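Chain B: place on chain A using the hints.
Chains as they are written, first to last, in full-length UniProt numbering: chain A, 1 to 551; chain B, 1 to 111.
Calculated from the structure, these hints are not laboratory results.
Be aware that a few hints might be false.
Calculated cross-link-like contacts (lysine to aspartate or glutamate; reagent style EDC-like; alpha-carbon spacing at most 16 Å) [to be verified]:
#1 A/LYS42 <-> A/ASP30
#2 A/LYS368 <-> A/GLU416
#3 B/LYS76 <-> A/ASP30
#4 B/LYS57 <-> A/GLU18
#5 B/LYS57 <-> A/ASP40
#6 B/LYS76 <-> A/GLU43
#7 B/LYS57 <-> A/GLU43
#8 B/LYS57 <-> B/GLU83
#9 B/LYS76 <-> A/GLU49
Here the structure is a predicted model, which means the values were calculated and not measured.
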Amino acid sequence: MNKTIIININSIVFHIEEDAYEILRSYMIDIKRHFGRSEDSKEILEDIENRIAEMFSERIHSGKKEVIGIVDVNQVIAQMGRVSDFEAGILEDESTTTKDPIDYSAEKASSEHVDQAAEPKISAANASYFAKKLMRDPDDKMLGGVASGLGHYFGIESKWVRVIFLAFFLFAGSGAMLYVVLWMVMPLASSRADRMAMRGEAPNLENFKKSFEKEIDEFPALNSRDTGGRAKHTVESVIGRILRVIGRILGVFALSIISISLIGFFIVFVFSWLNLSGFHTDIMFPPLLNMETREAYFALMAGFLAISIPFMSLFYLLLRVLFNAPKMNNYASLTLLTMWCLSIIAVIYFSISTSHDFRETSTIKVEKPLQPATSFVLSERDVRVIDASDEDRSKGRIKAIDEGYSLRDDLAITIESIDSLEKPFIQYNYTAKGRTFKQASDNASDIAYKVKQDGRNLIFDSHFLFSTDKKVYRDQRIDVKVFLPVGTSVTIMNNMDYKVRNSVWIHDCYPGINHKSTEWIMTKNGLKCATANPEEQKDEKNEEEGVTSES
Amino acid sequence: MVAENTQVQMRKGILEYCILSIISRKEIYASDIIAELKKAELLIVEGTLYPLLTRLKNNGLLSYNWKESTSGPPRKYYEITEEGQDVLKKLDVTWKELLFAVETSLEHRTI
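The following block holds chain A by itself, in its conformation from the complex (with noise of 0.2 Å):
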């Protein structure tokens, strides 16, 4: 039992089979394009169906039948000549003139016999194979087809080219844009007969019985696809072998680069969720610290899917073209795809919250005096370190750092000058951001930060504290003026120097690094060095001399 259809042609109509009427389609198709070229395309072509038109209703008035089929096909389409004989201008193969002339017209040639005529002609035309058609083919696709069709066109199994384009996606994902544009290019092998000329099969009768012969074969296991017989018969070609070998390394390399950052960001989310929930760990992913704790954990649950998931399906789509895995169910894959787009809606909330909290900026300045002394020294006092023996420290303190209150040394110091009759004091700018200017300001007010003045020790706590609950992170930062008459001489510890080095380049006076401590001394200018150019400090001091008995 077959399925027929009804054709018109030149206004005559036919029944004819579905199998015969895909020859006929690409044999027409084929002569079209053959002749488009010319000027005279219409008429030849009109010639030509006419002539097909009417060797048809001699089959059907001669024999007893009503219907077309696939020999009747081949027969007129051997008698009409395949676009191949066209170019050689003359059916012109010696052996099959001269020897064993066919009487193509013979209503008693068997098809084998057809085919068997037809086929030296079509490696005769062209060096191994049919011309090969670049479609995408609609039986072995993942997306759309284009992976396969490009197989079929190099003569390589798709996976390989697959893992090429899934490779090239990690490359800044032009992947992903090659593969849409060839998308829109290639068209889709709709036909048997499309799909043959895809895979450069000639559109005959044996290669039709084959064609339909393996998809009844493939219709029991829906799921395996013909990724092993392509490459047995069809000729490989040097670009497909190449393309091959691309291929499976880039697979290997892909699959590795792909693992090992989802270890990483698996190391990341599982260290950055230990560090909000209290413990110090080295990893820390910085932004969310910005972010109140609860809001943070749920950022960072957001960023780890918005960034794994993705990571995540190309390992397994690589998994699945290189290994033949199973195709992920529609529910899990659906899944996937919610989580991941609410993930990323998620992670630009966040983010853009959390720079709206960055709005505002104020400052704080608070003036306080320093008892006189005639030399200062300056140490640093690492408030990480809680020496129990000192009653200074207020319980209070102990208990924040204790609790995790988060410890910022966004801390810069400069010393400045001032005139040697008035009295050293020291000024604090307290800047913090905010959504709003109110907030910036509460949050400039928390940070806790005092210099304590212990005779003629100046000591410069390591870091500062968010004195308030509000301990989230907004840009809180500290600058210390310390300003000092002129002629005061100041001793700085070395464990202070990086922090003012804005001030002084401690270097300039000691080039080695092995110092405990440098002297200077205050000058119109600015710090001075003490110890290190003797000649150079004398000079200063007398000038200094010179400008305050001026003053």
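Coordinates of chain B only, in the frame set by chain A:
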């Protein structure tokens, strides 16, 4: 490959001459031309014939009439025009020249 190319060229020229000659005898249908050519063992497929006929017709060497057919659509019957006859006569002369040239060239060939 070289031989094939020359063969194709030779046949192409002769084919037109033969077709014109066949048509000059009487009004004739395309597939009958094929049959005649087959008899002369100059085998071509019909697909080659139609473009050739169309070109000869457009050059004014041929004309055609539609005739009803018992089996199928109406047929184009080709006949030669006066211009075609003139061309054919010129071709006859050329052919004889060629024939002489070839025969003379082949006369004392040893291989």
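Tested hints:
Between A/LYS42 and A/ASP30 the alpha-carbon distance is near 14 Å, which keeps this suggested pair within the 16 Å criterion. The suggested pairing of A/LYS368 with A/GLU416 holds, with an alpha-carbon distance near 15 Å, which does not exceed 16 Å. The hinted pair formed by B/LYS76 and A/ASP30 fails the criterion: a straight-line CA distance of about 24 Å is larger than 16 Å. As the CA atoms of B/LYS57 and A/GLU18 are separated by approximately 37 Å, the hinted pair breaks the 16 Å bound.
Restraint check for B/LYS57 and A/ASP40: satisfied, since their Cα atoms lie roughly 11 Å apart, inside the 16 Å limit. For the hint linking B/LYS76 to A/GLU43, the alpha-carbon distance of about 12 Å falls within 16 Å, and the restraint holds. A C-alpha spacing of about 11 Å is found between B/LYS57 and A/GLU43, which places the hinted pair at or below 16 Å, so the restraint holds. At most 16 Å may separate the alpha-carbon atoms for a hinted pair to count; B/LYS57 and B/GLU83 meet this at roughly 11 Å.
Simply put, B/LYS76 and A/GLU49 have alpha-carbon atoms about 13 Å apart, close enough for the 16 Å limit, and the pair holds.
Consistency with the previously given hints fails for numbers 3, 4, ordered from lowest to highest.
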